[in-house]
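If you want the building blocks of each chain, they are given just below.
Protein chains: 2
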Amino acid sequence: MIKTTEEKMSNLRIIALGGLEEVGRNMTVFEYKDDIIIVDMGLQFPEEDMPGIDYIIPNTAYLKDKKDRIRGIIITHGHYDHIGAIPHSMGRLGNPPIYATPLTAGIIKKRQEDFPQAPRLNIHEIKETDKIDLGCFKIEFFHVNHNIPDGVGIVIDTPVGRLVHTGDFKFDHTPVGDKPIDISRLKEISQPGVKVLMSDSTSAEKPGHSISEKEIQDNLEIIFKEAPGRIIIATFASLISRVQEVLNLAEKYDRKVAIDGYSMKTNVEIAKKLGYLKSQKGTIIRVNRANDYPNKKIVILCTGAQGEDNAVLMRIVNQEHRHIKIQKGDAIIFSSSVVPGNERTVQSLKDVLWRQGGRVYHYQMMDIHAGGHGQEEDLRAMLELIKPKFFIPIHGSYYMLKLHGEIAEAVGIPSKNIIIGRNGKVILLGQKSIKISEERVPNNYVMVDGLGVGDVGQVVLRDRQTMAQDGMFVIIAVINSKTGRVYGEPDIISRGFVYLRESKDLLDQVRRKIKEIVSHTATSEHTVNWVYVKENIRDKIGQFLYTKTQRRPMVLPVIIEI
Amino acid sequence: MIKTTEEKMSNLRIIALGGLEEVGRNMTVFEYKDDIIIVDMGLQFPEEDMPGIDYIIPNTAYLKDKKDRIRGIIITHGHYDHIGAIPHSMGRLGNPPIYATPLTAGIIKKRQEDFPQAPRLNIHEIKETDKIDLGCFKIEFFHVNHNIPDGVGIVIDTPVGRLVHTGDFKFDHTPVGDKPIDISRLKEISQPGVKVLMSDSTSAEKPGHSISEKEIQDNLEIIFKEAPGRIIIATFASLISRVQEVLNLAEKYDRKVAIDGYSMKTNVEIAKKLGYLKSQKGTIIRVNRANDYPNKKIVILCTGAQGEDNAVLMRIVNQEHRHIKIQKGDAIIFSSSVVPGNERTVQSLKDVLWRQGGRVYHYQMMDIHAGGHGQEEDLRAMLELIKPKFFIPIHGSYYMLKLHGEIAEAVGIPSKNIIIGRNGKVILLGQKSIKISEERVPNNYVMVDGLGVGDVGQVVLRDRQTMAQDGMFVIIAVINSKTGRVYGEPDIISRGFVYLRESKDLLDQVRRKIKEIVSHTATSEHTVNWVYVKENIRDKIGQFLYTKTQRRPMVLPVIIEI
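As they're listed, the protein sequences go chains A and B. Counted from 1, the first sequence has number 551 at position 551 by full-length UniProt numbering; the numbering is strictly sequential. Counted from 1, the second sequence has number 457 at position 457 by full-length UniProt numbering; the numbering is strictly sequential.
Treat the hints loosely; a few may be bogus.
Which copy? The list can't say, so a pair holds if one copy fits it or any two copies do.
[What the hints assert, rightly or not] Mimicking DSSO-like on lysine-lysine, the simulated pairs with C-alpha atoms at most 30 Å apart in a straight line are:
| no. | residue 1 | residue 2 |
| --- | --- | --- |
| 1 | 416 | 328 |
| 2 | 127 | 389 |
| 3 | 109 | 548 |
| 4 | 127 | 534 |
Hints listed in this document are in silico derivations from the structure and should not be mistaken for laboratory results.
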């Protein structure tokens with residue numbers, strides 16, 4: 001007991017509530033004595049086995065009785081996997097101050113407006129050169145490249161030494177609409193000696209260097225040079241750098257850019273207002289004016305590169321867009337990766353676009369998309385520049401963290417100094433040591449589904465999966481409590497199992513079987529055990545349906561005694 | 001009318017029942033006067049919006065009253081997208097003779113055993129050098145490279161000229177366990193002049209040449225050289241060439257190969273028996289003997305590279321395998337692509353393998369998998385060798401066919417001679433002309449789900465999707481037919497919507513609302529319109545639940561009058 005308290009007193013506690021076993025849901029707690037700071041508060045998109053879930057946020061239960069000690073929340077950049085849990089979690093955490101660069105702050109504020117129930121945020125805008133004190137923590141920042149501007153890494157000076165947290169980053173020596181990552185600043189940061197580096201592992205599996213945004217712009221230019229008609233570019237609304245590239249090329253090739261899609265328009269508006277997107281007056285037009293210009297003079301920049309149901313590109317191909325239809329001669333560019341799980345949707349979208357007369361350009365054909373994360377050589381460079389004593393790979397699945405750990409070993413960090421953490425595990429950093437303690441804090445998925453936060457659990461998900469596979473089969477038997485016999489015919493409500501109108505025989509057989517089961521198990525006894533009768537119906541009818549169809553719908557018997 | 005008949009008489013009719021708007025479900029009908037031949041009879045794996053479906057097969061309704069005219073079915077190779085519909089469709093087609101090379105025939109026969117209800121097949125084994133007559137069609141074959149041996153392309157001499165159908169192919173000048181594609185044979189075939197080339201478009205989007213299997217073997221060898229312990233290789237059971245590479249390397253590095261997984265063992269057995277897989281006596285061992293050897297002496301070759309639920313690799317990581325557990329030092333190789341839709345499952349599988357102590361090698365890290373389909377340069381070479389007058393790209397989504405069409409134009413085939421077909425459309429080939437007629441034959445998806453073939457349609461699928469998203473909500477109201485009032489409390493059966501035990505308040509409110517709706521709409525009238533009452537309950541409760549939760553479960557009211 002005493003030892004634990006002592007440890008608590010003299011160690012920095014580093015706790016990832018998310019981000020160490022997935023890509024997304026990034027949120028890390030730094031705790032020293034009475035002071036807590038938090039870096040990022042992101043969401044994660046649901047897995048395939050979570051039908052109906054909107055997204056997943058970190059569990060903040062650990063912080064519930066420590067609200068008063070939270071000195072601030074630092075957000076590294078404006079992507080949803082780093083800011084997305086803010087509207088849901090800030091109320092629960094006592095709404096502590098948020099520190100973010102202007103663009104990041106602008107995006108956070110705008111998103112908060114979509115959640116009228118969420119508290120008004122207390123956001124402090126920071127500059128890269130700022131130094132701020134949060135309790136015992138002294139914070140500095142450094143500029144990083146990503147595919148949204150204004151991203152920062154964080155230097156955290158703590159009583160046990162200096163920590164560096166990279167945020168999401170890549171090295172881009174020729175970025176677009178941004179300045180290169182500042183190598184001399186990284187060297188300066190490493191000067192006093194860095195105790196711990198926490199570095200982005202998302203692309204640790206990919207060999208070589210990440211592609212520069214300049215190269216992407218050059219490849220996009222090939223299409224701009226050749227395109228006989230309109231150019232339609234679909235990308236993530238969050239890739240502000242890509243938007244800048246499109247604006248640059250449009251101006252060079254004398255085209256107007258019509259921007260469409262709620263999130264795209266919002267982000268562009270914020271970025272332009274804050275000076276992170278530059279274009280000449282008149283380059284950007286409203287989408288309802290796109291048809292006022294010759295096709296060769298138009299670029300349409302929109303959302304929907306993942307085949308999302310309600311995004312602009314989907315509305316266009318479904319002929320539901322008020323102004324835009326695909327025409328022969330359109331060049332359609334998917335300037336984004338395909339998020340795992342969306343591949344088939346994107347394939348059929350491409351198919352429809354071709355069918356409607358467009359020519360589709362995709363990253364599989366040429367480099368018209370670059371990820372925002374450093375690949376093997378970028379990660380090696382960061383390790384070599386920062387020269388940390390201890391290394392904690394962050395942001396990624398376990399295998400990404402492990403591979404990043406191998407890179408660290410290769411640059412000379414001893415394996416005992418490399419900590420592969422897990423969500424919810426407490427890493428203890430002392431003056432001279434680092435270790436993972438046995439302590440574990442709650443870190444399960446908190447699922448957001450409609451208005452519900454955390455109310456959908458394993459039971460509900462399992463039921464959704466079962467019904468998705470083979471449907472459900474509700475049996476309603478009204479029973480005469482005096483005779484123990486079924487009144488008339490049992491009702492059957494089934495969906496997603498077989499087409500009922502064509503399965504009359506099967507249903508007749510089921511009804512007969514139900515009556516048999518009831519009369520076998522329920523009659524001639526004084527007190528009928530209806531739970532037992534129901535179980536019997538569930539098992540026997542389930543088995544019967546499987547024998548007949550090799551499908552296993554969810555069988556739900558209801559017995560109503562009259 | 002007369003014209004149509006005349007057309008029918010003098011034209012060759014080419015009808016794809018599948019394979020032109022998807023990857024899979026390949027089946028093409030060639031019809032001239034009274035003679036019909038069919039090339040391939042494959043299945044397709046379901047899309048994301050088809051939960052619970054096992055696979056999709058072509059609709060053969062067009063052939064129903066033409067059974068007597070089917071002279072034969074030619075199968076190009078033994079993959080499921082070319083043979084998978086055979087057990088389901090042969091009975092409906094009058095079980096005509098099948099022509100296939102020995103390995104293909106062996107795989108077809110073995111699979112047929114899994115379908116005891118299906119007819120006994122009449123399979124003729126062919127050699128590449130055979131010439132066969134099927135009605136007015138004269139058939140020859142040519143060897144192609146793919147990732148299963150014994151694949152053939154087909155030369156079809158018809159009264160309107162020579163057709164060449166490539167099957168699935170790539171050019172591999174250094175294949176493993178196979179001979180290279182025979183260039184001089186292709187030139188010979190082109191000599192008399194080829195009227196139509198039908199060529200595989202699956203990888204038309206990928207620039208350059210496809211990777212040789214020899215290169216894959218060389219890359220696998222790097223891992224064999226370094227691996228400190230066991231090597232576990234997961235791949236598709238159908239990649240017989242990959243199996244040969246593993247056997248070669250195992251013998252070179254003095255390891256035994258334990259093969260596991262039903263389909264893998266079956267295919268290896270067939271291929272070995274027929275001489276398509278070569279290994280020394282004693283190289284292959286049973287998996288229950290794998291632990292009798294030192295780790296450095298063992299390779300485990302198994303299924304499960306897609307994260308399939310019941311495959312060997314999944315059983316291993318779930319600790320359900322009787323003999324194999326992951327150990328520290330295991331090198332686990334995923335020697336396969338990831339089928340679109342499986343990405344996230346494969347990612348978590350990799351994660352668990354790393355966690356259990358293995359080191360995972362994946363195609364994203366190095367070329368340890370090659371596709372079986374020719375890429376842009378291979379396709380160009382085929383077009384240049386065959387020099388067809390007309391070109392019909394086959395095997396692929398529309399955009400793949402279009403891109404393949406662009407390659408054909410680039411080698412000099414006029415665009416009017418390039419036919420981008422659609423499933424079910426009839427292509428008419430005359431002595432001098434080719435065109436797509438207006439005629440369309442049934443070509444919808446026939447879905448196989450358990451024992452049901454074609455009985456799951458759009459209604460059932462839509463219901464499955466709805467229930468997967470937000471669950472279902474069955475309301476059972478027993479009503480006193482005299483008073484028109486609800487007896488006691490309405491029953492509610494809900495699954496996949498909210499966790500019921502924690503939603504007592506919500507359910508109480510719903511029950512109250514139901515009673516209100518019934519008493520408003522049903523009382524004080526002599527003949528109650530129960531359909532109207534039910535609709536009212538569905539709408540109002542649906543709306544109420546949406547307001548409270550922003551979820552839309554399927555609401556199913558049941559009214560029982562007593």
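Cross-check of the supplied hints:
In this assembly of identical chains, the alpha carbons of residue 416 and residue 328 lie at most 30 Å apart only when taken from different copies (17 Å versus 61 Å within one copy). In this assembly of identical chains, the alpha carbons of residue 127 and residue 389 lie at most 30 Å apart only when taken from the same copy (28 Å versus 67 Å across copies). Taking the shortest alpha-carbon separations for residue 109 and residue 548, only the inter-copy value of 26 Å comes in at or below 30 Å, while the best intra-copy value is 57 Å. Proximity of residue 127 to residue 534 under the C-alpha cut-off of 30 Å is found in neither arrangement, the shortest distances being 66 Å within a copy and 61 Å between copies.
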